[in-house]
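Full structure from sequences and hints, please.
Protein chains in written order, with the working numbering: chain Y, 1 to 538; chain B, 1001 to 1393.
Think of the hints as simulated: they come from the structure by calculation, not from any bench.
In this text the structure is predicted, and so the values were computed from the model without any measurement.
Beta carbons: idealized from backbone N, C-alpha and C, even for Gly.
Errors might be hidden in some of the hints.
Taking CB as the label site, the calculated pair distances span [to be verified]: (1) Ser252/Y / Arg1169/B: 29 to 35 Å; (2) Glu281/Y / Glu1352/B: 22 to 28 Å; (3) Arg186/Y / Gly1155/B: 44 to 50 Å; (4) Lys47/Y / Asn1379/B: 30 to 36 Å; (5) Pro1377/B / His66/Y: 39 to 45 Å; (6) Arg186/Y / Glu1352/B: 29 to 35 Å.
Below, in silico cross-link-like pairs of lysine to aspartate or glutamate (EDC-like), each with a Cα-Cα straight-line distance of 16 Å or less [claimed, not checked]: (7) Lys477/Y / Glu507/Y; (8) Lys1023/B / Asp1071/B; (9) Lys399/Y / Asp1068/B; (10) Lys278/Y / Glu200/Y; (11) Lys406/Y / Asp1160/B; (12) Lys271/Y / Glu296/Y; (13) Lys1182/B / Glu1241/B; (14) Lys477/Y / Asp444/Y; (15) Lys399/Y / Asp1132/B; (16) Lys143/Y / Glu106/Y; (17) Lys395/Y / Glu425/Y; (18) Lys395/Y / Glu1151/B; (19) Lys1012/B / Asp1031/B; (20) Lys447/Y / Glu418/Y; (21) Lys1119/B / Asp1082/B; (22) Lys316/Y / Asp300/Y; (23) Lys197/Y / Asp163/Y; (24) Lys406/Y / Asp1164/B; (25) Lys173/Y / Glu184/Y; (26) Lys391/Y / Glu425/Y; (27) Lys395/Y / Glu1162/B; (28) Lys509/Y / Glu1382/B; (29) Lys1244/B / Asp388/Y; (30) Lys395/Y / Asp1132/B; (31) Lys399/Y / Asp1082/B; (32) Lys197/Y / Asp282/Y; (33) Lys1012/B / Asp1068/B; (34) Lys482/Y / Glu501/Y; (35) Lys504/Y / Glu492/Y; (36) Lys1136/B / Asp407/Y; (37) Lys399/Y / Glu1151/B; (38) Lys406/Y / Glu1162/B; (39) Lys399/Y / Glu1162/B.
In case you want the letters, here they are:
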Amino acid sequence: MADADTARLCVQIIHSHFGPLTAKVAFTLLSRGRLTLAQLVRYSSLKPRIARACILVLVQHNVLWHAQTEEDGEVFEINTDECLTRLRFGRYVWQTEQLFGTAAAEIVQLILDHGKLRPPDIMSHLLVGDPKGIALYSQALYKLVTTSYLKPSTILAHVSPRDKRIRYESEEKAKISGFPTAKELREARETAAARLKREEEEAENVGLKKKAASSRSGKRKAEPEEVVDDDVYFRINYDKYNVHIRNKLIESAARERFNDGAALVIRATLKATESKQKTIEDIRSDSSTAANIAMELSDDDDLASGLVTSSSKKQKTITLVKSYLGMLAFADNPSPAGRAASFVSYSGSKVYVEFGIIATRLRRRVLEAVTRERHGDDGVRVLRLLLDTGKVDEKQISKVAMIAPKDIRPLLSAMSAESLISIQEVPKSADRNPTRTFYLWYVDPQKASSVLLGNLYKTLYNIEMRKTAEDEEPGVKAVLQKRERSDVSQDEGLLTRNEREALKEWESKIERLTILEARVEEAVFILRDLGPLGNGEE
Amino acid sequence: MSARKLTSLERKLHQAALLSPQKTIAQKDIDALCPDASARVGALNFLLGTGMLTLLRAPDGSTLYRADSADEVNTKANMSGDEAMVFGQIQAAGNQGIWTKHIKAKTQLHQTVVDRALKSLTQKGLVKTVPDVRYKTRKIYMLAALEPAAEMSGGPWYTDNELDTEVVRLLCRACLKLIRDKTVPKRGLDAARPLYSIECAPAYPSALHIQRALGKSKITDMELSVAQVEMLLTVLVLDGEIEKFPAFGATLWPADDSDTDDAEEQHVHEVRKRRRTSEGDGEARQRKRRRRTYGSSSDDAEDSDIGSPNRRRKHTRLPEQEGEDSESGDSSPRSTSVEEGSAYVYRAIHRERLAPGLTEAPCGQCPRFAFCREGGPVNPGECAYFGKCQFSR
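Right, here's the structure in full:
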């Protein structure tokens, strides 16, 4: 069950995407946990027919899981992750257009609108006005499926994985003899998660493609040997799209830290192995070489201007790329700090992008930005000190960070009130007397990021609420309603000047809020989706 | 005071003891100065009796005498026994001072007795209280003639026993400017923000260089030690303005291969490009092997000659000058002398503050964030700040 902030955000998202009735169902499920249909009808005080329709909608859009329990029979549960991912849908469509063109973007948009669709349904929807485009669309669809931007929707994806995970975990734990150690428990959890994932992947493999060699063998070989299976429902593979979001973040981080040239090089490096990046859970990329990277760069990419080199003559691209890679790998800084700051590892001729390290660093930066916002530069100084050195006593912090003790004390307590930093007590004597206790400050990244994530969800909810409030404003509402009229929607000239101005203002407000939402969402991405990465190092 | 003046023998012994650096004199030296046993014993007895000599035991078990000057004897003679004990403790603490609690513990006198003794000593102008920046609540005593130690006054960072953040900030900014001037290319301010590549990096400054440059620059009349400059640099590192890395770091990076044909055109046929780059890989592999040995040797000698590559690099010309062959430097002999504060060098970096959304939403700074909820007195729908938010990008 989700916490209050997450639940409210989910309800708000469902409300704005599907309307008030489904929102009511979602609210009931989120506030009471998993429920059977009868309980749901009772608690939501909806008519059974309506509740059932709402459930159908939510299941169609992958927002609802179901599970079989022994006591209650079939129960429903909200998939919060899926629900929160809905905020990124616009970005996914845009990304598709960038990669594969408008046809593919239309397909993705259609699938997102319907949750999941079979290829014939997609075609029938898209070909309404234009029956000739079938080749274009089927080609785009084929491309999307083979590059795994679309994946088949399986039964497993609709069943809550929690029961299974608990069962697998207890199976693994039963194998441990004697008292389980923390390490053994963790391993059991990991094995169970891996098993679950394997099952999921197997299920997805089954429906992915279908060899159609026999029916097509008569044709020329130019035709692809496998075709998209018409009987399979397809949905969007979020993981694959998230790879793009992550790569974009890495690129801009490199631009920030170094310059545009470095950003170009890291983009090319990421592009060189992009086809193999299926999920954002990889700790590092596949290997590539400087030559591969140089090939990914286009000719008008200006690398030379970002680098001061010893010779004045024009340097070859590959030489420049190598210089940049050296910089990105922090090759001249063989200290732990340099390692923690590196983007790639460049040993010999192999280049790996270190996703784990970069994710840690991005998370750190989010933490720093929030600290800077709320506690100023001194707060960031303290935070960085604690992140670098571990547990430190107040006096030592004041000495190293060169902040007066009278300033540091309120700062530390304010920061710990927001869970940015935590305190560790080390009693000198067995009686735990506070006067004979060391108090050491440290950063608990897990705790800090979970509290932060809660705040971000609340911020997102606030933005959503604000959007609704802007719509509801009396003046704007009337204009919006008027625009919906069939005669006005065909001819905007029927609106008065005042109305058009009001509309314009409203649009700019909504646009701003949408941009804001996308940026907050970016921070959420770093903390939540990149969160599990590189945690072992902290 | 004694009833009579010193005899010549007594004066001679006292002077001899005062002249030695420790103000002590050994028994055998006295034996040498005065062979006559009965006169010697008489003189020593008189001096010990007046307090001008004190009997000590040397670590090796022999007897030592410590001389006190006539003034000290005078002052001590006027004190009561308690005062003398307290005074002795304060004197022994030197310029570090001593806390009243410690005086009490060491003399094993009652609190009121110690207080009375301290009061009378202060009135006589023999001792004074000094503040300590480390322990603000402690009352610390010290001889009136002494200046408190640097640790007590907090060094250059403290004025009136408060950390002078303004001075710290000023000096930090000065350090940052010095480092920026040396490590960011002149054109670094334009849009492309160029950087030095590793193989033709400038001589990165170490703490020692910065200390010297600060001394020359007349920004401050304070004499800063290398350790104090390092404190400032640590603050800058924590602020994310500069980066600290080992001075030998750049030697781990293979120098660039300059032997491939420059006349070859950039846009060649794909096949040719492949061939050429595979050559490049071979070279890279070779260089890697070379690099390994270099790295391991410098790891072994990490502490002894860390400073040397830095000094070598100082002599290489800056990249603005032409025709630099960066490999030539590697063969130059390493000097062995080490200077303090040159094991690590510093360079300015671009500060990373990619603003994530939270900081742009008004919620990030809102003091009522926890209180804010839909339907409450503070709610997102009516929030005044949401309308005003502007974006930097």
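Taking the numbered hints from earlier one at a time, note which ones the structure violates and give those numbers from smallest to largest. 9, 14 and 31
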